[in-house]
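Participant: This is what each chain is made of:
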Amino acid sequence: MEHFLRTWLEWPSVAAFIARYTWAWPLGETFHFFGIILLIGGVGMFDLRLLGVAKQLPVSAVRRLLPWGVTGFLICVVTGLMFVTAVRANVPSSPYDVIKSNPWLQMKFVFIGLAGVNLLAFYVTGMNRKVDELGPGASAPALAKVIAVASLFFWLGVIYFGRLIPEGL
Amino acid sequence: MQAFLESIENSGFATYIRETPSVLGYSTVLALHTFGMAFLVGLSGVIALRVLGVVPELPLKPLKSLMPIVIIGFWVNAITGVILTSLAIVSLSRNWDFYVKLASIVVAIVALTKMRRYAFDDPNARDDAPASPEAKRWAKTMLFFWGLAVLGGRLTAYATYIRIQSAEAVVVAIVLLLILARYLVRRSHRRPAVVHRTSPVEARG
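Chains as they are written, first to last, in our numbering: chain H, 1 to 169; chain V, 1 to 205.
Worth flagging that the hints you see were computed from the coordinates, not collected in a lab. Take these hints with a grain of salt, some might be off.
[Said to hold, decoys possible] Selected chain V positions facing chain H (Cβ under 8 Å, derived; list incomplete):
#: 1; residue: Ser27
#: 2; residue: Leu30
#: 3; residue: Val55
#: 4; residue: Leu63
#: 5; residue: Val150
#: 6; residue: Leu151
[Stated by the list, open to error] Derived lysine to any residue pairs resembling SDA-like cross-links, with alpha carbons at most 20 Å apart:
#: 7; chain 1: H; residue 1: Lys55; chain 2: V; residue 2: Glu57
#: 8; chain 1: V; residue 1: Lys64; chain 2: V; residue 2: Val54
#: 9; chain 1: V; residue 1: Lys61; chain 2: H; residue 2: Pro58
#: 10; chain 1: V; residue 1: Lys64; chain 2: H; residue 2: Gly135
#: 11; chain 1: H; residue 1: Lys55; chain 2: V; residue 2: Ile69
#: 12; chain 1: H; residue 1: Lys55; chain 2: V; residue 2: Ile72
#: 13; chain 1: V; residue 1: Lys64; chain 2: H; residue 2: Gly52
#: 14; chain 1: H; residue 1: Lys55; chain 2: V; residue 2: Val70
Ideal Cβ positions, reconstructed from N, Cα and C, are used throughout, including at glycine.
All chains, please: the whole structure from these sequences, using the hints.
Facilitator: Dropping the structure here:
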C-alpha cells in the first residue's frame with residue numbers, strides 16, 4: 001500500500017514544471033484563493049440562509065448559488081492536488097512523507113471528509129427537500145440548522161488547517 | 001521614517017506574533033485574514049452577481065441583510081491585515097505590489113459602497129427588477145478590484161520578476177476561463193431551432 005501511494009502521489013512532471021516556471025506556484029495559490037471565495041460565497045451563503053441570515057430570501061433561489069460553491073471547491077481540489085503532488089519543487093520530501101508527517105495537512109483532509117459526510121447527511125435525512133420549500137421569512141428545521149453550522153465549521157476548519165500546513169513542513 | 005518602521009517591526013508584539021512557536025501566532029492571524037477575505041469578498045460577490053443579473057432568481061432587497069457580515073469580514077481583515085503588516089513593515093514599505101493591494105482594497109470598498117447605494121436605496125424598486133446601470137458598473141468595478149487585491153496579496157511574498165510573470169499568467173488564465181465560461185453559457189442558452197411549416201393557404205389566413 002505504501003509503495004502504491006508513494007508512486008501514485010509522486011508526479012515528477014508537475015514538480016519539474018513548477019520548478020521550471022516560477023509563475024506556476026503563485027498562479028495556483030491565487031486560484032486556490034479564488035476557489036475559497038467562491039466556496040464561501042456559494043456554500044457559506046446557503047448555510048447562512050438556513051441559519052436565518054437574509055431570511056427574506058427563498059431557499060430555492062439561494063440554492064442557485066451552490067454550483068458556484070462547487071466550482072470553487074473543484075478549483076481548490078485541482079490547485080490543492082498541484083501543491084501536494086509537486087511539493088518536491090519546494091521541499092526535499094516526497095508527497096507521501098509530507099502527508100504522513102504533517103498533522104495539519106492530515107487535519108485538513110479529515111475536515112474535507114467530514115464536510116462531505118455532513119453534505120451526505122443533508123441529503124440522506126431529506127433536509128434538502130424540506131429546505132427547498134422554505135419561502136421568504138420561513139425558518140429552517142432544527143436539523144437543517146445543525147447541518148448548516150457543521151458545514152460552516154468544517155469549511156472554516158479546512159481553511160484554518162490549510163493555513164497551518166507550512167508549520168508542519 | 002526608517003527608524004519608526006523598524007521600531008514597529010521589532011516591537012514586542014510583532015516579534016511575539018512572528019516568532020512564537022505556537023500555532024496561535026502568525027498562522028492563526030493569517031487564517032483569520034483568510035476568513036475575513038472569504039466572507040468580505042464572497043458575500044459582496046454574491047450581491048454583485050445578483051446586481052449583474054447572473055443569478056436573477058435571487059430577490060435583490062433581502063441581500064442587504066448580508067451587509068453586516070460583509071462589514072464584520074472587512075474589520076476582521078483590516079485588524080489582521082494591520083497585524084500582518086507590522087510583522088514585515090520595513091520590506092513591505094519598499095514593495096510596490098503591497099501598494100497595488102492597498103489601492104485595490106480602497107477602490108473595491110468605494111465600489112462596494114456605491115453598488116450598495118444604487119442597488120438598495122430605491123424603496124420603490126421591485127425585488128425581481130434588473131439593477132440600475134450604475135449599480136452594475138460599480139459591481140463590475142468591485143469584482144475587478146477584489147480580484148486584483150487577492151492577486152496582490154498572494155504575490156507580496158515573491159521577488160519582483162516572479163510577481164510580474166505570475167500576474168501575467170493569472171490574467172491569461174482568467175481571460176481563457178472567461179472565454180470558456182461565455183461559450184458554455186451561450187451553449188446552454190441555445191435552444192434547438194423549431195421549423196414551422198405552413199401551407200400557402202394557412203399563410204394567407
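Participant: Compare the structure with each hint and give your call.
Facilitator: Going down the list of hints, with the structure as the test:
At about 5 Å, the closest approach between the beta carbon of V/Ser27 and any beta carbon in chain H falls short of 8 Å, and the interface hint on this residue holds. A least Cβ separation of about 5 Å between V/Leu30 and chain H falls short of the 8 Å threshold, and the interface hint therefore holds. With its C-beta approaching chain H no nearer than about 5 Å, V/Val55 sits inside the 8 Å limit, and its interface hint holds. The closest approach between the C-beta of V/Leu63 and any C-beta of chain H is roughly 6 Å, which is under the 8 Å cut-off, so the hint is satisfied.
Taking 8 Å as the C-beta cut-off, the interface hint given for V/Val150 holds, the closest approach to chain H being about 5 Å. A least Cβ separation of about 5 Å between V/Leu151 and chain H falls short of the 8 Å threshold, and the interface hint therefore holds. Proposed proximity of H/Lys55 and V/Glu57 is supported: the alpha carbons are some 15 Å apart, at most 20 Å. Our distance criterion of 20 Å between C-alpha atoms is met by V/Lys64 and V/Val54, whose separation comes to about 17 Å.
For the given pair, V/Lys61 sits about 12 Å from H/Pro58 by alpha-carbon distance, which is consistent with the 20 Å threshold. For the proposed pair V/Lys64 and H/Gly135, the alpha carbon gap of about 17 Å is at most 20 Å, so the pair holds. Between H/Lys55 and V/Ile69 the CA atoms are separated by roughly 14 Å; this keeps the pair inside 20 Å, and the hint holds. Restraint check: the Cα-Cα separation between H/Lys55 and V/Ile72 comes to about 19 Å, which is no more than 20 Å; the hinted pair holds.
As the CA atoms of V/Lys64 and H/Gly52 are separated by approximately 14 Å, the hinted pair is consistent with the 20 Å bound. Under the criterion of a C-alpha separation no larger than 20 Å, the hint pairing H/Lys55 with V/Val70 is consistent with the structure, at around 16 Å.
The structure shown violates none of the earlier numbered hints.
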